[in-house]
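**Student:** Protein sequence lines, in the order shown, are assigned to chains A and B. So that you can map any letter, position 101 of the first sequence is 101 in this note's numbering, and since no number is skipped, the others follow by simple counting. So that you can map any letter, position 118 of the second sequence is 379 in this note's numbering, and since no number is skipped, the others follow by simple counting.
One should not assume that every hint holds.
[To be verified] Partial list, computed: chain B residues near chain A (C-beta under 10 Å):
(1) 359
(2) 372
(3) 400
[As the list claims (entries may be wrong)] To give a feel for the contact side, a few chain A residues facing chain B, derived at Cβ under 10 Å:
(4) 32
(5) 35
(6) 158
(7) 161
(8) 177
No lab work stands behind these hints: they were computed from the structure. For each residue, glycine too, the CB sits at the ideal point set by N, CA and C.
Listed below are the residues making up each chain.
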Amino acid sequence: MKISLIIGIIIIAALSLLAILAPVISRYEPAAIDQNNLLVPPSAKHLMGTDSLGRDLFSRIVFGARISLSIGIIAVGIATLIGIILGSIAGFYGGWVDSLIMRFVDLMLCFPTFFLILAVVAILEPSIFNIMIIIGLTSWMGTARLIRAEILSLKEREFIQAARAIGASNFRIILRHLIPNAIAPVLVSAILGIAGAVLVESALSFLGLGVQPPVPSWGNILIEAKSTLGIAWWLTLYPGIFILVTILGFNLIGEGLRQRI
Amino acid sequence: MHNLLRLKNLTVEFFQNKQVIPAVKEANLEIKENEIVGLVGESGSGKTITTLAITRILPSAARITSGEVIFEGIDLLKIQEEQLREVRGKKIAYIFQEPTMFLNPIKTCGFQVAEAIITHQNTDKSRTFLRFRRTSSQGKVRDKFNARKKAIELLKQVRLSSPEEIFFDYPHQLSGGMNQRVMIAQALASNPKLLIADEPTTNLDVDTEKEILDLLLDLHERIGFSCLFITHNLGLIKRLCSRVYVMYRGSIVEEGNLNKIFTTPQHEHTKALVEAFLKIGQ
């Protein structure tokens, strides 16, 4: 196994563990304000220091990991599901169905995705739930194209003819024979997609249109740190590192898997 | 004995780049119950396309432009896809040329045999209880369990040793001959009336070929089904079939009993085939 794949898996496993065990390993409530300890630098008591309201940064980051990672994973889950459904229908049936779906994909790709998300979030209210859905609804096009291309070539293979010969329905052929054979590159793109989704969520939160305070996410920890950038370096450094390492981890896994298939 | 299958003036054409290329020209063919019929011809003469046209599983570029396919008194070209699915696999089953290519590489052999069983269990239900299509989860588990038991039984029937293990093996773990047996098991899953064997032994070595042929003959004797055996090897025809059709460039040029074909071939192509076969025999 490639060393990069192992490193990626270790990083993501560690981060996931951190997120799952957040209530156990953090000594402070992520939203607990402490007037006596404002902007304390990293120390044994506050591992990563405190922010301008005296909240413990480490607690906020591990609880933020829950929000950021789950948004990333669920958004990509939605996107992958939509992509697989539309892509396999387009690839299997071909003809005008294919043209219709693929032109819709082209149409969606024409929008500058981030601004589309901004516009939609501005109209709806920016909640965790809305963000997951919106990121998911705007990032399925690559998956759809991938799976369509795979199915276009797979459906001419002999074992699909054999499946038709035993009387399998189209639905069964798509679900049981075509999609499992086409899933490998989709998984890779999904894992790479999680990295992208985490980044989009951070950017949205940084712009104030993502996860709303006091719920912590890596993006909104960063924006709160912006005003004290000159005096409290730890407030921008640590969330930044976490975002970086997460993206790196997912990319390492994705790249490692891509080389293996 | 009456006809199980009858092809009447079946014509299949390929449509490619606005060109029409005929693949099968007005083919007429009859198969009686419990009969093994041979279909010989050189590569590209339209043998395979003819057989695929019977249950309409042709490649997307091919169309059936005229003719009739009468199976048990029903014209298969006129019925809906939905009804046709109950004929495929259940009444007419196929074994193909290259067993390893015709099995899904990422599913276990057992799954693929069980699938042939389950597919037809489900269609039965959807027809009788259209409103209660969703079976209970308990029922599903039971169906699966039964299908698995039957699949192992079938694997045993095609003389695979240790069928319980082969159930969980993937096609790439087995040899060509074993895969062909898996495919025969799959084809026999719901006791078809007609088995279409499309050069089932062409890619196997001579010993395996003999074993597979013995198996087919034995199953034919025990279970009883009609068989359309396609090959370009007259030796196999001589062993298996009672009647032969000879195909040449998309047309069926000659038809007759085994003796007649071998002793008094009429068409030039048949003569050439028989001569070549006898030469090798010497």
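**Student:** Can you give the numbers of the hints that this structure goes against, from lowest to highest?
**Tutor:** Of the numbered hints, 3, 4, 5 do not hold.
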